[in-house]
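Based on the hints, put chain G in the right spot on chain L.
Chains as they are written, first to last, in the working numbering: chain L, 982 to 1264; chain G, 982 to 1264.
Derived from the structure by calculation, the hints contain no laboratory data. This one's a predicted model, so the numbers in the text were calculated from it and none came from an experiment.
It does not matter which identical chain is meant; a pair holds if it fits inside one copy or across any two.
Straight-line C-alpha distance at most 25 Å; calculated SDA-like pairs for lysine to any residue:
no., residue 1, residue 2
1, K1028, G1241
2, K1001, G1241
3, K1001, A1118
4, K1028, T983
5, K1001, A1210
6, K1001, S1212
7, K1197, L1236
8, K1048, R1258
2 protein chains.
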Amino acid sequence: MTLETVSTSKAHGGTLEVYKHASAATGTEMTFSVFVPPQAQVGEGAKLPMLFYLSGLTCTHANVTDKGEYRRLCAELGLVFVAPDTSPRGEGVADDPAGAYDFGLGAGFYVNATQAPFAAHYRMWDYIAQELPALVAAHFPVDPARMGITGHSMGGHGALTLGLTFPETFKSLSAFAPIVAPGQVPWGHKALGGYLGEDKALWRAHDATALVEDGKRPAGAILIDQGEADSFLAEQLRPHLFAQACEKAGVDLTLRMQPGYDHSYNFISTFMDDHLRWHAERL
Amino acid sequence: MTLETVSTSKAHGGTLEVYKHASAATGTEMTFSVFVPPQAQVGEGAKLPMLFYLSGLTCTHANVTDKGEYRRLCAELGLVFVAPDTSPRGEGVADDPAGAYDFGLGAGFYVNATQAPFAAHYRMWDYIAQELPALVAAHFPVDPARMGITGHSMGGHGALTLGLTFPETFKSLSAFAPIVAPGQVPWGHKALGGYLGEDKALWRAHDATALVEDGKRPAGAILIDQGEADSFLAEQLRPHLFAQACEKAGVDLTLRMQPGYDHSYNFISTFMDDHLRWHAERL
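So that you can see chain L by itself, here it is in the shape it has in the complex:
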């Protein structure tokens, strides 16, 4: 597993780095950013806790890297922060036939697609669950026993489904304005139908609410922030569906409804500090 350096830049006493690598999971080149805090320089053998941040529809690694405002506090907490892309890209990678923003490129939904022509490369589930944690542990001063996961919108869906399915990999879990019940909302119908086919029983493994109903449990408590002025709240996000499932199952969920906040990085960056502390306290 070879990493090619795209850029490296000192930030908040640490280093903001961007890498490309040939992904075995997706069969494409994948790009991610990593912030390595100054604590990594203390000793050769430093093993720091780290947080994966999964991005939402239309995003690449760059959106949260530019606008997430996470570096200052990660530098203070000694937390490594890794931001992957949201889909495979490049020559031969299928896209939505109509070029829609909510399916295909930039919209991998963190599943292993089974349907042609997407099955060939859209394997973001394996990429995030297995390949990227191993890659990061091999190349950076990271403790593989102290990894957490968070994400926004479609990336919040990815964080919740991966965190519920692999609690031994992702020891802490949170989300910003996540899609919590894709089986019950239009974005999810389109994506899960397109990637996994129309047998809705197969969708339950990629639906956080269904996963909790079906007995999956996270490593610990879950934090979700949701803006009340988010234009996707009522139709696509519906966090109370997940809250009800968690309450019934005894899963410890803190769902915070934030008055006045929308779906943008103005919302995410406002509550980023709280999420970083949430993970640092648990890792």
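What follows is chain G alone, placed relative to chain L:
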């Protein structure tokens, strides 16, 4: 003076707003962002201190708005933050004949151009010194007696030259990696020659080092941060030319050379908190 709202979004308890307006100074439509901190909501008559941030070559208002990481601390300090564009834009606005990044669109250099075809619209000096402070004071909960100015690179040049020339308007002054002596560096030769003509005596009013030599004085002390790994340091920025002039003139300058930092927003965002506190303490 009418403002047209482009966007508004809650952030860190305050509001991030983007506006367009017809500028009398430039004769074009101009765009700027403003962060209004939560302290503005306390009372109808709130009058808060504010900071102008002038951006560098190729930028619009959006670069610092996305990547400057200023909202959290502005919200804490009660500081309004205004980020204007770097040149006039739109139909009929001349650009560099070769489309270069360092002259014309995105590169107004904060002067009133006297040379055709730029003289018609490139009047960023008047826009920042007069029109925008009046506009902001009229439309936002801002105390016009408590305005400061900062900027990056070409914007640092703008902040220093405006701050030195109008200390009664800009009561506090700082810069990130500024062009301090445009009369002595290639970027400045091209821009000042192109906008003001080849009589170098006329350039001195837009050269921070020459302004100090010629007797101009800021309202108070000046803070400059400069990355030592900045690829423009030796040829274009040369902060020690300004430091020497300040020392000779008795101007109180704190010039901090920051090891390892480059010219990017990773550098700016790292030291943004220090600059915000610098201004808040003086306003």
